[in-house]
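Participant: Sequence:
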Amino acid sequence: MARSDFFELFDSRGQLAVPDEVPVSWESMLYSDKDKRIGYATSFMYSPMLQCHIGIARVKPKYAEPGTEVYIEQTVNHEYINVRATVTTMPFYSPERKTA
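This note's numbering puts the first residue of the sequence shown at 5, with every later residue one more than the last.
The set of hints was computed from the structure by calculation and includes no laboratory data.
Mixed in with the good hints, there may be bad ones.
Straight line, CA to CA, 25 angstroms or less: simulated SDA-like cross-link-like pairs of lysine to any residue [what the hints assert, rightly or not]:
hint: 1; residue 1: Lys40; residue 2: Lys64
hint: 2; residue 1: Lys40; residue 2: Thr90
hint: 3; residue 1: Lys66; residue 2: Phe96
hint: 4; residue 1: Lys64; residue 2: Asn81
hint: 5; residue 1: Lys40; residue 2: Glu77
hint: 6; residue 1: Lys38; residue 2: Val87
hint: 7; residue 1: Lys38; residue 2: Val91
hint: 8; residue 1: Lys64; residue 2: Met94
hint: 9; residue 1: Lys40; residue 2: Val87
hint: 10; residue 1: Lys40; residue 2: Tyr67
hint: 11; residue 1: Lys66; residue 2: Asn81
hint: 12; residue 1: Lys66; residue 2: Thr92
hint: 13; residue 1: Lys66; residue 2: Met94
hint: 14; residue 1: Lys38; residue 2: Thr72
hint: 15; residue 1: Lys38; residue 2: Glu69
hint: 16; residue 1: Lys40; residue 2: Asn81
hint: 17; residue 1: Lys66; residue 2: Thr46
hint: 18; residue 1: Lys40; residue 2: Arg62
Pair by pair, the computed Cβ-Cβ distance ranges are [as the list claims (entries may be wrong)]:
hint: 19; residue 1: Pro99; residue 2: Pro65; range: 28 to 34 angstroms
hint: 20; residue 1: Asp39; residue 2: Gly18; range: 23 to 29 angstroms
hint: 21; residue 1: Met94; residue 2: Lys66; range: 16 to 22 angstroms
All C-beta atoms in this analysis are idealised placements derived from N, C-alpha and C, irrespective of residue type, glycine included.
Using the sequences and the hints, build the whole thing.
Facilitator: Now the structure itself:
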């Protein structure tokens, strides 16, 4: 999920985003750009190393290509909002010192 999108979501509603809050899995449905449900996040958290939220999700094969833009559903003040996210391969970050 793009860092700015997550924080803008809360800021626009006058709330402070808690970076390390972990939403429950049923609040993290994935949608295509046409609001079609395409999967769900099995885990979701804030990465202090990457300075953004990351998640692991089950996505329909058609949408699993790295770089595909999807939308993850977040709940803010009892309102469902879709926030832009990008499909990528794992690991999300592989520092050189760990692979040398």
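Participant: Next step is simple, just say for each hint if it's right about the structure.
Facilitator: Hint-by-hint comparison with the structure:
| no. | hint | verdict |
| --- | --- | --- |
| 1 | Lys40 - Lys64 | holds, 11 angstroms |
| 2 | Lys40 - Thr90 | holds, 16 angstroms |
| 3 | Lys66 - Phe96 | holds, 21 angstroms |
| 4 | Lys64 - Asn81 | violated, 29 angstroms |
| 5 | Lys40 - Glu77 | holds, 12 angstroms |
| 6 | Lys38 - Val87 | holds, 13 angstroms |
| 7 | Lys38 - Val91 | holds, 17 angstroms |
| 8 | Lys64 - Met94 | holds, 17 angstroms |
| 9 | Lys40 - Val87 | holds, 14 angstroms |
| 10 | Lys40 - Tyr67 | holds, 11 angstroms |
| 11 | Lys66 - Asn81 | violated, 32 angstroms |
| 12 | Lys66 - Thr92 | holds, 14 angstroms |
| 13 | Lys66 - Met94 | holds, 18 angstroms |
| 14 | Lys38 - Thr72 | holds, 14 angstroms |
| 15 | Lys38 - Glu69 | holds, 17 angstroms |
| 16 | Lys40 - Asn81 | holds, 23 angstroms |
| 17 | Lys66 - Thr46 | holds, 18 angstroms |
| 18 | Lys40 - Arg62 | holds, 14 angstroms |
| 19 | Pro99 - Pro65: 28 to 34 angstroms | holds, 30 angstroms |
| 20 | Asp39 - Gly18: 23 to 29 angstroms | holds, 26 angstroms |
| 21 | Met94 - Lys66: 16 to 22 angstroms | holds, 19 angstroms |
Hint compliance for this structure: hints 4 and 11 are not met, and every other hint is.
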